[in-house]
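Number of protein chains: 2
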Amino acid sequence: MAAPQIPKGFRDFLPQKMVVRKRIISLMTEVFESFGFEPLDTPCLEYAETLEGKYGEEGEKLIYKFEDRGGRNVALRYDLTIPLCRVVSAHPELPKPFKRYQIAPVWRADKPQKGRFREFYQCDIDIIGTDSVYADGELLAITDTVLGKLGFDNFVIRINNRKVMNAFALCCGLKDVEVASFLRSLDKLDKIGAESVLRDLKDSGILNAKLEKSLSDFIINDSSCGDPLLEMASIVKQTEEGAEGMAELEIIRDSLTAYGVCEENYMFDFSLARGLDYYTGPVFETIVKEPKIGSITGGGRYDNLIGLFSKNTIPATGTSFGLERLVTVMEEMASGETLSGNTQVLITCFDDSFMKENMKVATILRKNGIKTEIYYKKSKLKKQLSYASNRAIKLVIIMGPDEVNENNITLRDMTAGTQETVSQHEMAEKIKRVYDIK
Amino acid sequence: MAAPQIPKGFRDFLPQKMVVRKRIISLMTEVFESFGFEPLDTPCLEYAETLEGKYGEEGEKLIYKFEDRGGRNVALRYDLTIPLCRVVSAHPELPKPFKRYQIAPVWRADKPQKGRFREFYQCDIDIIGTDSVYADGELLAITDTVLGKLGFDNFVIRINNRKVMNAFALCCGLKDVEVASFLRSLDKLDKIGAESVLRDLKDSGILNAKLEKSLSDFIINDSSCGDPLLEMASIVKQTEEGAEGMAELEIIRDSLTAYGVCEENYMFDFSLARGLDYYTGPVFETIVKEPKIGSITGGGRYDNLIGLFSKNTIPATGTSFGLERLVTVMEEMASGETLSGNTQVLITCFDDSFMKENMKVATILRKNGIKTEIYYKKSKLKKQLSYASNRAIKLVIIMGPDEVNENNITLRDMTAGTQETVSQHEMAEKIKRVYDIK
Numbered sequence: 022m023a024a025p026q027i028p029k030g031f032r033d034f035l036p037q038k039m040v041v042r043k044r045i046i047s048l049m050t051e052v053f054e055s056f057g058f059e060p061l062d063t064p065c066l067e068y069a070e071t072l073e074g075k076y077g078e079e080g081e082k083l084i085y086k087f088e089d090r091g092g093r094n095v096a097l098r099y100d101l102t103i104p105l106c107r108v109v110s111a112h113p114e115l116p117k118p119f120k121r122y123q124i125a126p127v128w129r130a131d132k133p134q135k136g137r138f139r140e141f142y143q144c145d146i147d148i149i150g151t152d153s154v155y156a157d158g159e160l161l162a163i164t165d166t167v168l169g170k171l172g173f174d175n176f177v178i179r180i181n182n183r184k185v186m187n188a189f190a191l192c193c194g195l196k197d198v199e200v201a202s203f204l205r206s207l208d209k210l211d212k213i214g215a216e217s218v219l220r221d222l223k224d225s226g227i228l229n230a231k232l233e234k235s236l237s238d239f240i241i242n243d244s245s246c247g248d249p250l251l252e253m254a255s256i257v258k259q260t261e262e263g264a265e266g267m268a269e270l271e272i273i274r275d276s277l278t279a280y281g282v283c284e285e286n287y288m289f290d291f292s293l294a295r296g297l298d299y300y301t302g303p304v305f306e307t308i309v310k311e312p313k314i315g316s317i318t319g320g321g322r323y324d325n326l327i328g329l330f331s332k333n334t335i336p337a338t339g340t341s342f343g344l345e346r347l348v349t350v351m352e353e354m355a356s357g358e359t360l361s362g363n364t365q366v367l368i369t370c371f372d373d374s375f376m377k378e379n380m381k382v383a384t385i386l387r388k389n390g391i392k393t394e395i396y397y398k399k400s401k402l403k404k405q406l407s408y409a410s411n412r413a414i415k416l417v418i419i420m421g422p423d424e425v426n427e428n429n430i431t432l433r434d435m436t437a438g439t440q441e442t443v444s445q446h447e448m449a450e451k452i453k454r455v456y457d458i459k
Numbered sequence: 022m023a024a025p026q027i028p029k030g031f032r033d034f035l036p037q038k039m040v041v042r043k044r045i046i047s048l049m050t051e052v053f054e055s056f057g058f059e060p061l062d063t064p065c066l067e068y069a070e071t072l073e074g075k076y077g078e079e080g081e082k083l084i085y086k087f088e089d090r091g092g093r094n095v096a097l098r099y100d101l102t103i104p105l106c107r108v109v110s111a112h113p114e115l116p117k118p119f120k121r122y123q124i125a126p127v128w129r130a131d132k133p134q135k136g137r138f139r140e141f142y143q144c145d146i147d148i149i150g151t152d153s154v155y156a157d158g159e160l161l162a163i164t165d166t167v168l169g170k171l172g173f174d175n176f177v178i179r180i181n182n183r184k185v186m187n188a189f190a191l192c193c194g195l196k197d198v199e200v201a202s203f204l205r206s207l208d209k210l211d212k213i214g215a216e217s218v219l220r221d222l223k224d225s226g227i228l229n230a231k232l233e234k235s236l237s238d239f240i241i242n243d244s245s246c247g248d249p250l251l252e253m254a255s256i257v258k259q260t261e262e263g264a265e266g267m268a269e270l271e272i273i274r275d276s277l278t279a280y281g282v283c284e285e286n287y288m289f290d291f292s293l294a295r296g297l298d299y300y301t302g303p304v305f306e307t308i309v310k311e312p313k314i315g316s317i318t319g320g321g322r323y324d325n326l327i328g329l330f331s332k333n334t335i336p337a338t339g340t341s342f343g344l345e346r347l348v349t350v351m352e353e354m355a356s357g358e359t360l361s362g363n364t365q366v367l368i369t370c371f372d373d374s375f376m377k378e379n380m381k382v383a384t385i386l387r388k389n390g391i392k393t394e395i396y397y398k399k400s401k402l403k404k405q406l407s408y409a410s411n412r413a414i415k416l417v418i419i420m421g422p423d424e425v426n427e428n429n430i431t432l433r434d435m436t437a438g439t440q441e442t443v444s445q446h447e448m449a450e451k452i453k454r455v456y457d458i459k
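One line per chain: the protein sequences are A and B, in this order.
The opening residue of the first sequence carries number 22 in the numbering used here; numbering runs sequentially from there.
The opening residue of the second sequence carries number 22 in the numbering used here; numbering runs sequentially from there.
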């Protein structure tokens, strides 16, 4: 009988894959908590109406919806932001600013394709209840810290501001109602190129000579001579919104400097639009130069979103790390290197009558922080050693009658192929040195 | 506008709850890995046919099923065991024994009631590919280790064996086809009492005089004089299955002794049946004396289950910790004690012009492993201090012009209500001493 399949776009993660995923999650968690973020969890199922009308026309189609047994329309979580907004509006007692992280799967009924899945993890940090742009700056400092600790060295955080882009569009003669359409076209610059964006804008009937020239001067052709903020300011500072947006970008620049973020790790990029309609201020995303996989983080300020669920508007900003893409980068960096498993020592079974001795030795090692497993029954030593090497276990303990009688073990190094006799009294110390366990 | 609800039987976990859940999960993970278990993850959605026919009549009704956009019947994961069986049959290359843990939510469309939810976490460890009962013994040693490390001191692991119970039933004159029904009645002993179990058996037409007497002597009235294993052996050892089952229980007893498990923490209990039909050998569960919340772990050997998905039968055993009930016990134990959050230090904001200094100080503390957050904008000190106490943050840093000019900080202990001036050079050392951070 063939083993049953799993639905397309869904995945099993076998231990070797899981070890990488867990390493990334644990490192992120550590950084998030070091900045004072606290964990939150929300249900995988929400009422459909909670999610509907939040993700734009395209997103809406991708929500997994169904009717539960009670006839209510429910939906699988599409992202972690809308559930957060629901929680914040349901719990006004939460101290503000409320800083939470959530690392959890979300579901989208997208067409499965390379690197795109129907179930995938988002790792979100959000700061709710402050309009201070230092909060946005902090999110970027965290982004830089996480990626640095993961060993990434070829990333750039792109930073822009919706207020600046609104002002830019209006200064170029667009009407209020045309701004969203302008940003949607601009958002495609990376994918389709400048010519196509211009054609797109023309097709939408919003391209005029001033817009075309300004786009070309300040956005499409990143001249990069001088300070990009100063150049953009020269266009938009005349409007209140533009001046405000520029001041916000300055605060972000100050924050990144104060946090010691390397200048090569970020850039102000006025071609960054970010797809979602709900952003109101700073927006940001991170790209890696290699491999080419799109953005690995993305976020921005959304001061009006919580108002959809609540009497009061509550300012908020957040960013999201895409776990799947981080894994891809990690695997690329580690290519060739075998990622070892968790277990450090295998105790082989000479005979079932030695099992008690084996369990006692295992208990001593575990109490010393050494990850130890025992082989459960007698079989050929060769088979047991081959199990150890298949599992990438570096050290093997062999205990026959001689070892047991003299309270010794034979310790075999699977990598070197050497072995030596060690007293049970000293074995933990010795093994801890090999693994540098304190 | 009222905040939207979440579906009945589903829950949000706010940070204070999450801190307890994460502490339990992280401790379990550490113990599982110390015994050589590796992480596995499987999709939340499976094809419905993978789950159907595996959980008995009652269970079947509780599966969340729906049709996806492609018209395929899919279902939310009902437990972690069936997906594991699917994975093992789909990946014959996995080294055996395959020891995995998985800590993840499952869904059951049960009637929501106190302590019963439609979305809840299971924490499973399973050992696939060995029929050695030392594997079962190890699962119980792990159970004891986890509960001990959580600080539980009033638990008992109940242990039985399906082979013994089959032999017992046959020795008492039941027919093969009557055994399942006998076990189902026996399983209710704790809930409905001896009299009702006997009536149940009578109603099913399988109660005879011998069964009634044996039940009364060996199971219902736990006489507890002498060795319960010896007494049961006197009935069932005449049959091959009974002798095998008794030998397995002896191996488990030997294992628990070798692992140094305290005798008060386990008992052999022939009234333990465990609901599921698929168990084939040792079965076990853990109960706590207070609070009365049913079993907190449960499992057993299921040598024939993987055969449903695979050409070959593959022996397997496993156990599951119920996170929700562990949390209940933890909260009971900690009652009165305020569980503190994660953040250790809050840096207040004297004025926005001091933010750069605040960020620098925060960066130093974080690099020293101190969980630090900054207040994002100027507001009354009283408001900032009240934020710290609402968040259960013990230390607050205040930096005004004097402190900044002299490279000092003022460190306020929120519990003691005291404060002192400390140089920025020494502050990390001082704070690490407070929190005993190495």
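Take these hints with a grain of salt, some might be off.
All copies of an identical chain are treated as equivalent in the list; a pair is satisfied when it fits inside any one copy or across any two copies.
[To be verified] With a straight-line Cα cutoff of 25 Å, these simulated DSS-like cross-link-like pairs (lysine-lysine) come out: (1) K29 with K401; (2) K231 with K313; (3) K43 with K117; (4) K234 with K258; (5) K117 with K381; (6) K212 with K117; (7) K388 with K170; (8) K234 with K453; (9) K82 with K398; (10) K209 with K38; (11) K132 with K231; (12) K388 with K459; (13) K231 with K399; (14) K132 with K86; (15) K377 with K170; (16) K117 with K258; (17) K135 with K231.
Keep in mind the hints are simulated off the structure, nothing from the lab.
Status of the hints after comparison with the structure:
Taking the shortest Cα distances, K29 and K401 never come within 25 Å of each other, neither inside one copy (41 Å) nor across copies (55 Å). Within a single copy, K231 and K313 get their C-alpha atoms no closer than 33 Å, and across copies no closer than 75 Å, so neither meets the 25 Å cut-off. Proximity of K43 and K117 under a CA criterion of 25 Å is satisfied inter-copy only: 23 Å between copies versus 30 Å inside one chain copy. In this homomeric assembly, K234 and K258 come within 25 Å of each other (Cα to Cα) only inside a single copy, at 18 Å, whereas the closest approach across copies is 94 Å.
Only between protomers do K117 and K381 lie at most 25 Å apart by alpha-carbon distance; the minimum there is 23 Å, versus 52 Å within a single protomer. Proximity of K212 to K117 under the C-alpha cut-off of 25 Å is found in neither arrangement, the shortest distances being 39 Å within a copy and 46 Å between copies. Only between protomers do K388 and K170 lie at most 25 Å apart by alpha-carbon distance; the minimum there is 12 Å, versus 29 Å within a single protomer. When the C-alpha separation of K234 and K453 is checked against a cutoff of 25 Å, the pair qualifies neither within a copy, at 66 Å, nor between copies, at 57 Å.
Taking the shortest alpha-carbon separations for K82 and K398, neither the intra-copy value of 54 Å nor the inter-copy value of 40 Å comes in at or below 25 Å. Taking identical chains as interchangeable, the C-alpha atoms of K209 and K38 are never at most 25 Å apart, the minima being 33 Å within one chain and 42 Å between chains. For the homomeric pair K132 and K231, neither the shortest alpha-carbon distance inside one copy (39 Å) nor that between copies (64 Å) is at most 25 Å. Proximity of K388 and K459 under a CA criterion of 25 Å is satisfied in both settings, with 12 Å inside one chain copy and 20 Å between copies.
Neither within a single protomer nor between protomers do K231 and K399 lie at most 25 Å apart by alpha-carbon distance, with minima of 82 Å and 41 Å respectively. Within a single copy, K132 and K86 get their C-alpha atoms as close as 16 Å, and across copies as close as 21 Å, so both meet the 25 Å cut-off. For a Cα distance limit of 25 Å, the shortest separation of K377 from K170 across copies, 23 Å, qualifies, whereas the shortest one inside one copy, 43 Å, does not. In this assembly of identical chains, K117 and K258 lie within 25 Å of each other by CA distance neither inside one copy nor across copies; the values are 32 Å within and 67 Å between.
For the identical chains of this complex, K135 and K231 are neighbours neither inside a copy (40 Å) nor across copies (66 Å), given an alpha-carbon limit of 25 Å.
Comparing the model with each earlier hint shows violations of hints 1, 2, 6, 8, 9, 10, 11, 13, 16, 17; every other hint is respected.
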